[in-house]
Each structure stands twice: as C-alpha cells, then as structure tokens.
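*Asks:* Model the full structure from these sequences, guided by the hints.
Taking UniProt numbering, I'd label the letters of the sequence shown as residues 1 to 306.
What the hints contain is simulated information worked out from the structure, not anything from laboratory work. Think of the CB as a built atom: it goes at the ideal place given N, C-alpha and C, for glycine as much as any other residue. Incorrect hints may have been included.
Okay, the calculated beta carbon distance ranges per label pair [what the hints assert, rightly or not]:
hint, residue 1, residue 2, range
1, V210, Q267, 27 to 37 Å
2, L55, V277, 34 to 44 Å
3, Q137, V77, 16 to 26 Å
4, R33, A95, 34 to 44 Å
5, G289, L218, 27 to 37 Å
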Amino acid sequence: MSALDGGRRVSAPAAPRTGDPDGGGWRGWVARRPVTAFLLVALPLGWVVLGVPALMYHGLLPGGRVPVELFALALTVLVMLPAAVWVVSVAEGRAGVRRLFGRTFRWRFGAGWWVAVLFAVPVGTVVLGALSGRSLQTADLPSVLLSGTLAALLPLFLVNLWEETVWAGFVQVHLERRHGLVAAAALTGVAFAAIHVPMSFAKEFTASSVLAELGIVLAIALPFRLLAGIVLRGTAGSVLAVAVLHAAWNAGNGEGSVVDDLLSGGQPVLLAVLALVLLAAVTAPLVRGRGTTEQQETGTRSVPVR
Numbered sequence: 001m002s003a004l005d006g007g008r009r010v011s012a013p014a015a016p017r018t019g020d021p022d023g024g025g026w027r028g029w030v031a032r033r034p035v036t037a038f039l040l041v042a043l044p045l046g047w048v049v050l051g052v053p054a055l056m057y058h059g060l061l062p063g064g065r066v067p068v069e070l071f072a073l074a075l076t077v078l079v080m081l082p083a084a085v086w087v088v089s090v091a092e093g094r095a096g097v098r099r100l101f102g103r104t105f106r107w108r109f110g111a112g113w114w115v116a117v118l119f120a121v122p123v124g125t126v127v128l129g130a131l132s133g134r135s136l137q138t139a140d141l142p143s144v145l146l147s148g149t150l151a152a153l154l155p156l157f158l159v160n161l162w163e164e165t166v167w168a169g170f171v172q173v174h175l176e177r178r179h180g181l182v183a184a185a186a187l188t189g190v191a192f193a194a195i196h197v198p199m200s201f202a203k204e205f206t207a208s209s210v211l212a213e214l215g216i217v218l219a220i221a222l223p224f225r226l227l228a229g230i231v232l233r234g235t236a237g238s239v240l241a242v243a244v245l246h247a248a249w250n251a252g253n254g255e256g257s258v259v260d261d262l263l264s265g266g267q268p269v270l271l272a273v274l275a276l277v278l279l280a281a282v283t284a285p286l287v288r289g290r291g292t293t294e295q296q297e298t299g300t301r302s303v304p305v306r
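*Replies:* So, in structure tokens, the structure goes:
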C-alpha cells in the first residue's frame, strides 16, 4: 500500500462484466473490440465537428471566425461521450454503463492522491521554473490563486470530467486490460491527438505547421496519459481524479494561467511537460503491484506496472 492511500485500501464494489465477446454478429464484435468500435464512430464524427470552424475560417462555410473551444465542447458532449456510452451499453450492458459513470463520480480515495492531483503539476512547474532561473511574481499572489481556481472550476465540470470519462474511464481502462499501463497510455495519447487534428486547420497553416502541432500535442499527451493511468490505478479508477489532474494541467501551462502569472519568462509549457514526466517517474512505483481499474473493481489479483 502506498503512502498516498492515507492508510486505507480503496476499492470499488465488485461487478462482473456482462458483455459476450464470444458472441456473433456486430454486438459480439463490439464486445471484443470496444475501443476500435468507439474510434470508428468518434473519429469521423469528431473530424466533422472540428472541421466546421476550419471551413468557416477559410470561407468555405458562412459565419467567419468562431471559437474552436465551442466545437471542442460539442465534440466531447455530443460525439465522444454518447459514442462511449453506446459502445459500453452494447458490450457490457447497463451494468457496464453504471460502472463507467461510477468511475466518473468516484471521489473516495486517499487524501494523498487528492493533494497530488490538485497541486503536483502546477507546484512542480513553479519549482522547475524557479530552479531554471525564472523569477517568481508574488505581489498579487492571493488574487492570482483565487482567479486561477475559479477559472479552472467551470472547465472541470463542463468539459474535463466528461472528456476524461471517455479517455480515462473508457478508452484507457479498456486498453489497459490487454496492453498494460504504459502501452495503454501511449495508444490513448495517439487517439487523443488524432481526433484533434482538424483544429490545426482552423487558422493559417502549412503542412509543416500541421505536423509540428501534431508533434507538440503528442509530446504533451503521452506523458499526461501515462500520469493519468498511474492516477487511475492509485485511486481505484477515479475519473474525477484524472479530471482534476487535467484541470490542474490546464491551470499550469498556458498563457494567462496561474503558473504563467507566477513565473517570468513566458508560457511555461516545456516546464509543465517536464513536470509531467518527473511526476510519472516518481508516482509509478507507488502503484506497482496494484491491479488495473477493472481488477480492483472486481477484486481480482493485481499485476505489476508494464
């Protein structure tokens, strides 16, 4: 048991899978390949949704320039979440859907993990910034922290919680069943980057700029998904924990974020990515020997981190 458990063993109620992966027809195929089925639905529909602002920007659709964030929200709540719920309902029945949303709202886990998902990324980024020679801007510290917290709350419940229900609670959990923690994180990061490709076209672009942006997204997504997978194991599959981590990441890397306001020297994206890598390296041993989310939910034996 790790120190982050607060001295308690945290596990979800046992619940067997109800799907029939040995069955025939399309239902049997969905039960055997739930992530593939999800991507076959979500990727084309997601590209259509995110392609709209790109077409509007370049005058191929009326309306002019619109905030891409609105279409990213639509992607989450109108495409990805319904597609994931549909696949789970086909593959695992109503019990599977209940387990999925049980992960979404699972808040009872160790206090140490709460501290970690809330503060580790932004605090780690600030520490790395200070160590690299950047100066701290602490004159308006209370107002900066308050405004940053309030700015993170709305995206947390409007976007991050449902986005991570899909990526962490569904995609990553199912991939980990077959591939292990590290490979599942990598594959989830690739899928995350792929569905967001059309956002690169909602502005002036070249082939090299699109490839460069895709590389940046992957460079961020891969270590984040690894840390998310570690958090899932440490919190017995809490999507809420990963969503809070996601909101903390957003608060710690972009222009105008809390960390950006606290550190001199411009956007701290590289520092935040380095913080993700270091945090993953530090926390991975804490979940070694634990089972996957599904193993913890069913009370089956744990496996080492792979």
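*Asks:* Could you run down the list of hints and mark each one as holding or not?
*Replies:* Against the structure, the hints:
Checked against the hint of 27 to 37 Å, the pair V210 and Q267 fails, with Cβ atoms roughly 21 Å apart. Between L55 and V277 the C-beta distance comes to about 37 Å, which sits within the given range of 34 to 44 Å. Between Q137 and V77 the beta carbon distance is about 36 Å. The supplied range of 16 to 26 Å is therefore violated. Between R33 and A95 the beta carbon distance is about 20 Å. The supplied range of 34 to 44 Å is therefore violated.
Checked against the given bound of 27 to 37 Å, the beta carbons of G289 and L218, roughly 30 Å apart, stay inside it.
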